[in-house]
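Participant: Below, each chain spelled out in residue letters.
There are 2 protein chains.
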Amino acid sequence: MTVYKYPEIAEVKKILKRPEIKSKDLSKVINKVFKLVEDKGDSALYTLTKKYDRASLNSPIISLKDIKNSEKFVSKKLKKAIKIANKNIEKFHKSQIKNELKVVTTEGIVCWRKSVPIESIGLYIPGGTAPLFSTVLMLGVPAKIAGCKNIILCTPPDKNGQINPIILWTAKLVGISKIFKVGGSQAIAAMTYGTESIGKVDKIFGPGNQFVTAAKKKAQTLGVAIDMPAGPSEVCVIADNSANPIFVASDLLAQAEHGTDSQVVLITNSASLIKAVVKEVEVQKNGLSRMNILNFSLKNCKIILTTDTESSFEIANIYAPEHLIISTLNAEKNASKVKNAGSVFIGNLTPESLGDYASGTNHSLPTNAFAKSYSGISTESFVKKITFQKASKKGILNLAPVIKEMALAEGLDAHWKSVEVRLNSF
Amino acid sequence: MTVYKYPEIAEVKKILKRPEIKSKDLSKVINKVFKLVEDKGDSALYTLTKKYDRASLNSPIISLKDIKNSEKFVSKKLKKAIKIANKNIEKFHKSQIKNELKVVTTEGIVCWRKSVPIESIGLYIPGGTAPLFSTVLMLGVPAKIAGCKNIILCTPPDKNGQINPIILWTAKLVGISKIFKVGGSQAIAAMTYGTESIGKVDKIFGPGNQFVTAAKKKAQTLGVAIDMPAGPSEVCVIADNSANPIFVASDLLAQAEHGTDSQVVLITNSASLIKAVVKEVEVQKNGLSRMNILNFSLKNCKIILTTDTESSFEIANIYAPEHLIISTLNAEKNASKVKNAGSVFIGNLTPESLGDYASGTNHSLPTNAFAKSYSGISTESFVKKITFQKASKKGILNLAPVIKEMALAEGLDAHWKSVEVRLNSF
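Respectively, the protein sequence lines represent chains A and B.
Using this note's numbering, the letters of the first sequence correspond one by one to residues 774 to 1199.
Using this note's numbering, the letters of the second sequence correspond one by one to residues 774 to 1199.
Because the hints were derived from the structure by calculation, they are not lab data.
For clarity, every value in this text was computed on a predicted model and none was experimentally measured.
Any given hint could be a false lead.
Same chains, same label: a pair holds when it works inside one copy or across any pair of copies.
[Stated by the list, open to error] In silico DMTMM-like pairs for lysine to aspartate or glutamate, Cα to Cα no more than 20 Å straight-line:
hint, residue 1, residue 2
1, K867, E1153
2, K990, D798
3, K852, E1183
4, K864, E1153
5, K1072, D1034
6, K1158, E873
7, K853, E1183
8, K808, E793
9, K871, E1153
Working from the sequences, and respecting the hints, build out all of it.
Facilitator: Right under this line is the structure:
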């Protein structure tokens, strides 16, 4: 943890510069995987799953029986917890789609937008050390609310060709039944081209390692949309004297345990808080299971001392963190100062974990300063909004002189003619 | 114009396959331009503008005086037309931002979203044969409504270093005063890195040729968001016996005049309509100024004869056109069948030109089948939606057991601890 005292804005930009993602050129290996999957379909998936996951498959499909059986391996308590989280996420994400009203822009001209579900979508859930069933909720719930017809879920198998039953059970709870045990760039390629078992999709969602990220970029060049660019997870805590150092330390640690590349930033106008937080981090760290990761990621933790809370927000807006925790007096009032952030946690009693799992907000959020321009995942991520317009005789008569002037000035006379032939018919 | 009779769905997919965009590898030249602009700033812009636009600059900035003077060169009639279009676009785009309500997901947990403007945005307006001032409205109006603080407009100069005054006048009307005479990939590079004159932006909007498109992709890899992938413009007309062949022919011609790569599709269940439309296209073509382009793009025009209107919509949804014109009986009722399209024009009296200029809907729309997953530009394209949440004591107590179960099952005990330390303080 490094403390920076009263840095100038130019300096702040350097201090908070994210580590450059070593974009090792993965295009060779990604292109190879895509070519193989395009040419050989399912059989390519078996080859690649053997190579990368060391698992032997004779089908990538997870049977409905396996999905059903998963319930035996999930505790009652965990089921209850996931159900509550599911309900909250559902409640918040249902509030996000509104019917828009028809707007009469000129007499006789009516315009409106309609949210229409993206028909086929693919969700990618990474494997690895922890089963990220919470991400199944965060992607699956809004997809269902949006009304997506074909929802595919891909997740890598372990060496024995198995998927964690909590992932299967959560998918079933959400209503997803097309689940495939395929991971990595081959999963993205399969959803891009389609194989005998796996349907081609229109948009791919979900986190992943650098191979998955590179594969999603490749998919995008092939006409498949993706949710957003991915990067390491981030938290920024803005605190003042009113903050509890025990809480702040726990918030920094919660972020730091994600991975060795986790980004952890504290901005405060209180020198005494910094002292207390640094001490508390050491104390709390020792009880935790992911010490190896913590020791690594905490080294990179940055603490900035500012002159006042106003400056703290200014700096946080420059950083544009994925998660922003506001632990100050009048936290809710201060929240109006936030210009760039993915999700904001207001007050001393709102740790990020609430949003990670169960408050109802989405945990798929923009990282790497993309919070300046991207929103996190919402129900809107699973629809497109189509515009409609209808003109009456009165309407086209009203706009005809406008179209004539503008189309001819742009040198597009057939544009004007398409109006004129209609006028001539009256 | 080629007529296909009653094709099977598999065949339809082949017929309506877009021509592959010859993605000549432009990365070498784009990388060179970006490097030069990053290293040399404005002076690189002078070099590149001399090279590509044959214009000598000593500043890329268009002075406020030049912007003001533009009014002398725009006719009264055109000004009036642009003002009406501006008002309609404003009216429709103002209706798109709504305050969302706070949602209590669990007792003591409140969640909400807030639309926050993207601070700095760049608009690219292509040069070339026609001054696309309508695109200035389509991008500038929603940017202003969204509340973007820094709006930059780049457009290439002609050989004499001049910008078309209609573009300047329209920009002034919208309220944009930071206008730069820089075009091509160097404009995109300037907005990505920032130069002495041109500020770095968070998101870049606007159409352009293959160099601009490749440069926008490059910008995206450097952390700048872009509006959407660009491709040739498209129209699909669905018509039945009730359609007027004169109108339909004029709609096909209006699309065909855009460029030699324009995509023009007619889908109808009426063989007699096809006959009449083909004849009418020949008749109307002769009066038009862009004959060279028309002769080229009409060759590629596809006409599909279907058994019924239901099938016509099924085929149009597979194609996912940028613009869809519905010229059938019960056109508005049929509009509910649209699953994939950018903007829809309902009925015999709603030609695409209305939406291109003045109905109020946006004309920046997804092409190349991206209408399956992308929306056109709206006010929402210029904001991000930040989520907020606040827990009371009651709220965190309610969710604590949920977080405990889920965090521990995901192996993230520091996540649970950040809740536990708060409970311990009660």
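Participant: Work down the list of hints and note, for each, if the structure agrees.
Facilitator: So, going through the hints one by one against the coordinates:
no. : hint             : verdict
1   : K867 with E1153  : both (10 Å within a copy, 18 Å between copies)
2   : K990 with D798   : both (13 Å within a copy, 17 Å between copies)
3   : K852 with E1183  : between (62 Å within a copy, 14 Å between copies)
4   : K864 with E1153  : within (14 Å within a copy, 22 Å between copies)
5   : K1072 with D1034 : within (10 Å within a copy, 55 Å between copies)
6   : K1158 with E873  : both (10 Å within a copy, 18 Å between copies)
7   : K853 with E1183  : between (62 Å within a copy, 15 Å between copies)
8   : K808 with E793   : between (29 Å within a copy, 17 Å between copies)
9   : K871 with E1153  : both (10 Å within a copy, 14 Å between copies)
The earlier numbered hints are all upheld by this structure, with none contradicted.
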